[in-house]
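4 protein chains.
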Amino acid sequence: MARDGKVRVGIIGSQFQADIHAAALQIMPDEAEAVAIASPTPGNAAALAKRFGIARVFTDYREMLKEKDIEEGEEMIEAAQSHGVLLMYGEELLFTPKYLKAKEMADAGAFGKIYLIKQSEKHFGPHSEWFWDVNRSGGGALMDLGCHGIAFCWWFLGRPAMTSIYCQMGTYVHSKKTRAEDNSLCIIEFADGAVALIENSWAHRGGMDDRIEIHGEDGVTYANLHMGNALTTYSENGYGYAVEKAPTTKGWAYPMFEELWNYGTPQELNHFARCARGRETPKITGEDGLAIMHALYAGYASAGAGRKIALPFAAPSLKKPIDLWLNARAGEMHTKANKSFDFQVEGGL
Amino acid sequence: MARDGKVRVGIIGSQFQADIHAAALQIMPDEAEAVAIASPTPGNAAALAKRFGIARVFTDYREMLKEKDIEEGEEMIEAAQSHGVLLMYGEELLFTPKYLKAKEMADAGAFGKIYLIKQSEKHFGPHSEWFWDVNRSGGGALMDLGCHGIAFCWWFLGRPAMTSIYCQMGTYVHSKKTRAEDNSLCIIEFADGAVALIENSWAHRGGMDDRIEIHGEDGVTYANLHMGNALTTYSENGYGYAVEKAPTTKGWAYPMFEELWNYGTPQELNHFARCARGRETPKITGEDGLAIMHALYAGYASAGAGRKIALPFAAPSLKKPIDLWLNARAGEMHTKANKSFDFQVEGGL
Amino acid sequence: MARDGKVRVGIIGSQFQADIHAAALQIMPDEAEAVAIASPTPGNAAALAKRFGIARVFTDYREMLKEKDIEEGEEMIEAAQSHGVLLMYGEELLFTPKYLKAKEMADAGAFGKIYLIKQSEKHFGPHSEWFWDVNRSGGGALMDLGCHGIAFCWWFLGRPAMTSIYCQMGTYVHSKKTRAEDNSLCIIEFADGAVALIENSWAHRGGMDDRIEIHGEDGVTYANLHMGNALTTYSENGYGYAVEKAPTTKGWAYPMFEELWNYGTPQELNHFARCARGRETPKITGEDGLAIMHALYAGYASAGAGRKIALPFAAPSLKKPIDLWLNARAGEMHTKANKSFDFQVEGGL
Amino acid sequence: MARDGKVRVGIIGSQFQADIHAAALQIMPDEAEAVAIASPTPGNAAALAKRFGIARVFTDYREMLKEKDIEEGEEMIEAAQSHGVLLMYGEELLFTPKYLKAKEMADAGAFGKIYLIKQSEKHFGPHSEWFWDVNRSGGGALMDLGCHGIAFCWWFLGRPAMTSIYCQMGTYVHSKKTRAEDNSLCIIEFADGAVALIENSWAHRGGMDDRIEIHGEDGVTYANLHMGNALTTYSENGYGYAVEKAPTTKGWAYPMFEELWNYGTPQELNHFARCARGRETPKITGEDGLAIMHALYAGYASAGAGRKIALPFAAPSLKKPIDLWLNARAGEMHTKANKSFDFQVEGGL
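Going line by line, the protein sequences match chains A, B, C and D. What the first sequence shows, in my numbering, is residues 76 to 424, in sequence order. What the second sequence shows, in my numbering, is residues 76 to 424, in sequence order. What the third sequence shows, in my numbering, is residues 76 to 424, in sequence order. What the fourth sequence shows, in my numbering, is residues 76 to 424, in sequence order.
Okay, chain A solo, but in the shape it has when bound:
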């Protein structure tokens, strides 16, 4: 694999995230570039390729991965492995510039010991239809969005062990089209004594909303990524685009500037490319991703059991995480008994 020059990226997929990644690669073009795109839907990949000037188009991503000069695939992983890392894990919030400032201040001692960290991400539901089908998505708002909050809080605190998780969830607004939870509250306790509150929603009106709070013994900071950064704007006419998932641009709205850069997508891809070249060490790894996935399983188990679950948690062999909640809820409806469900839990509560 090449050690020099730009990392040549092949994109799998052609919709929302593919678009974001192609755009992000253009914002910070010095380390990586998109050279191919694969999507099974006829025409989709070609359309995106045309828009971003991507040379090659595939309908079968396996064909694309055979190409010698495309590196996002086995070669990239191999390169990563040779640096002692199993797999990289993509967590944009670790690259969100506004949140990095909070981390910088925290590391400089601004807040003293942090006892509470909050992150929330909310909107009115996912872009693609398949998310609503729990058999395909495996879970709802917690699964889709909570993975970001868990990763972020854990990383922000310096990776102390997660000792327990408690989740409250429900299908409040979209019950006609999904069995997935569309709102969740999630409390994680850490070995260093801190606690995280992570809020996620597919039931939130008014456009995308992402924010954090850091509460320490000596201070506090509030960082609102969307309404905070936005230009407070009123328009009779509208103007095409305000922010991800905004319902309209007429009337009052909170248009965001340089959305991808403010999310941290180009910075994240830059980091990946540099990791692939061995110039940087991944901020977050596949193992980290696994720990987060286990916490998500425990979160659903917690929502089902109505109690906090100790971490680490050995997930039972279920087809999808959300079953830990859905099955318990179903049982609860049948028996109405005041019993907790038992789970195989490693370690004590």
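Because the hints were derived from the structure by calculation, they are not lab data. For each residue, glycine too, the CB sits at the ideal point set by N, CA and C. Where hints are given, some of them may not hold.
Stated by the list, open to error - Heads up, incomplete: computed chain C residues facing chain B, CB under 7 Å, no partners named:
(1) Ile95
(2) Lys173
(3) Ala177
(4) Met180
(5) Gly184
(6) Asp293
(7) Tyr309
(8) Asn312
(9) Asn402
Following the hints, position chains B, C and D against chain A.
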């Protein structure tokens, strides 16, 4: 008891709350007036009486209550009883003008069905030393501040039955001077399917912070009582007073205007006076207060057990609510077993 | 005239301001009450009277003023005169609670010497049609709204002499229906060395906007009356009313709570009633109003001449203030000469 | 001159702006890199070079410009000339991402016709001592900061001719150390009927403040660059750095994230590098800079004369722009006559 003229109020106590109430009675003087004040600390009552022009001073409140023309006492209760009410319960947040606007919009259908309601009240700890002693206070931030949030959310939603409570708490910042929790997260589920998130803190830096959020299927509103209403202000010199519990008025700060009116204290006292005269029906009663107190007990039990507790909850005969958490925590430290504590719970989870 | 009891107020008019004043009298009912209302439009006065429980209705306000027990009229003035005051002048901003906090901080030395004070009031045009006709209104946004800003800044600074005024104005958005200026920028210099910037608009979209800034050598404060205090709100359904002149309550909006109280209308009427009873001295008088009116004349003259005009300013005998600008503009269009118009100016520039 | 590869930049100077530019070149390294630095102060250039890994250091910038491989100098200008441009002009606000979003919305018709555009930049005075000496700086806050606002508003509106300027200024806070104006209000009228209000200050407490407002017949947007984007933060301990010219990081403050990127400095340098390579056309040129400088002269003349000055303005042969104001003020103090000063004005008022 008189049916006409101003209600003649006798104040018991001479510190923070007594001061607020005397001041509030002057802001809305048409229904009630302070005519006497009682405090055991020599000089305190006299000082407050002088400042607010209150005629009579007592060191024994029982002496004050014997006075024929003072109505806050048995006569007022008797009058209330004769209107079919056992006791009135003082919950200022039901009179906070900014929050009333949220209620007005909600009742007008602005948000459709509400699925999540949030209220938080935070500062760096109570005014008086006795709060820190759990033997006198019975609990910490949840007890002191959470009662407001529970009452508010319940009332806002239209008094649906509370079906469960889950609390997470800890002594994060003030463990050297108290065993009480100085931060708590509290999740309450209601029979109508809504959920409340109530956050309380004695560990919050930067001055008093009180805010609500209302999330419904069709909309959302954010009302920040302190930093929201405040005049964003920078001063090299300071200016005496910014807001309750603000650490300083130098540098950037968020001074509040007409603090008592914005809290709703005079409006609340006005309502009480009118209730005493039979002109209004209490918005919240002694029975309501009892239900809230039971929820607080269940909250401590929940924090101790690490699981949500069904409501209504028959509190065990303990000296103080916080023991439900402290005893469990002590037990947990000794046994490290992964057991839940058993409580006498009415109804199923 | 009575010296005791509530001041019995007769309201002349039945639309926007009459409604506000009737409502305000109900908010603070301890000093004054509305007892009669007069309006030439058949039915209007009766409708308002019914809504607010006002006893008597007149179509000719002169008939109303003959009533012995109505005091807003000659008797009130007479009472005021006997206290050495010619006439009271109604300036609500002197009673706006949020702005009073700025004044309190300024008087406490928070900002040191103030060098710049800003006030702006903006919306999309007046309630009643007659405002658009300069022959009836005498001027546009500066006349309608600037009087508030001039009075406020002058009072805030402690009434230093106004030494000059410069105005820039134009008919930017509503030229099809009015010759009046719909946007104006106004700079006033004071004898104490401070300067005021007053912005007014009938061309501002998105609802009423009123704000101040105080800039001193030692600090600064920003007070935004509308969007600042508001509950940031998103609604799919709307909810009846957000704030004065808001275009809609659907989508994002900034609904205000207790609008009249936050403007200061009831407090102002309370003050008037107490002045009428001799219990308070007017904060601002008829003479003050005259000085402000002269400044407005000078403002129009300044806009016409393209230069700052020294104050005090002896207005030429013109039918309406706006002619000082309109005539100059007309002249300019005809001659295109680079001449300043001459005005009778007292004192030097 | 090279047509390919990165533009090799030599930096002249070693303090505030040199630091910003060296840092900005590292943020967007794909088009340009700093290869040398020149500063007459011994050690300064070397220290900066060390911090940013810049290879060569000079004490005489003329020596640096002789280097064959350094392009910021004659070669760059020559390259620019060969593309038909006399000189590039650096105006960061044309690259400020938040403000570019306002421009994008405006160009998409969000606000309809714009009638008022506001920009303000304020802080408590410049970094270097020489700014305070009008013989070296030629002017104060208007000269230092107003050039940005004039360029921005003009560019934003699409470069309509500026037809007049009116400035009000004074030395309000720093009169002990400077004769320069430390606060100015500036009104510019444009041929398309729009008006700009530009506020600048060296007397503003609380840290750097830069904001814009766009007011159109169909909408409005508010973009606050500093307090808007910032993380609202309280710290007992401080944390090193909040934002340019912030007085402290203790207490409440508004720390900015990725300050240089949010200002637009790296984007601006990227643009310059691409212009030098002939890949982009300068957004603003030396000729534009000249027009802005003439407007500044006219602004000082206007402040001296107390009237608006028609543009274009043929500046009299004075040593420094501020003399147009200082001389008039001196004259006014001597004569106290109500006369305007005469200037050679091209075109009619």
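Results of checking the hints against the structure:
Given hint, isoleucine 95 (chain C) at the interface with chain B, is violated; its Cβ is 17 Å from that chain's nearest Cβ, farther than 7 Å. About 5 Å separates the beta-carbon of lysine 173 (chain C) from the nearest beta-carbon of chain B, less than 7 Å, and the hint is met. The interface hint given for alanine 177 (chain C) holds, since its Cβ lies 6 Å from the closest Cβ of chain B, which is under the 7 Å cut-off. With 7 Å as the threshold, the beta carbon of methionine 180 (chain C) comes within range of chain B, its nearest partner Cβ sitting at about 4 Å, so the hint holds.
Below 7 Å, beta-carbon pairs count as interface contacts, and glycine 184 (chain C) has one with chain B at about 5 Å; its hint therefore holds. A hinted interface residue such as aspartate 293 (chain C) counts as satisfied when its beta carbon comes closer than 7 Å to some beta carbon of chain B; here the least separation is about 4 Å, so the hint holds. Proximity of tyrosine 309 (chain C) to chain B holds as hinted, the smallest CB-CB distance being about 5 Å (cut-off 7 Å). Interface restraint check for asparagine 312 (chain C): the shortest CB-CB distance to chain B comes to about 5 Å, inside 7 Å, so the restraint holds.
For the restraint placing asparagine 402 (chain C) at the interface with chain B, the shortest Cβ-Cβ distance is roughly 42 Å, beyond the 7 Å limit, so the hint is violated.
In this structure, the earlier hints numbered 1, 9 are contradicted, and the remaining ones agree with it.
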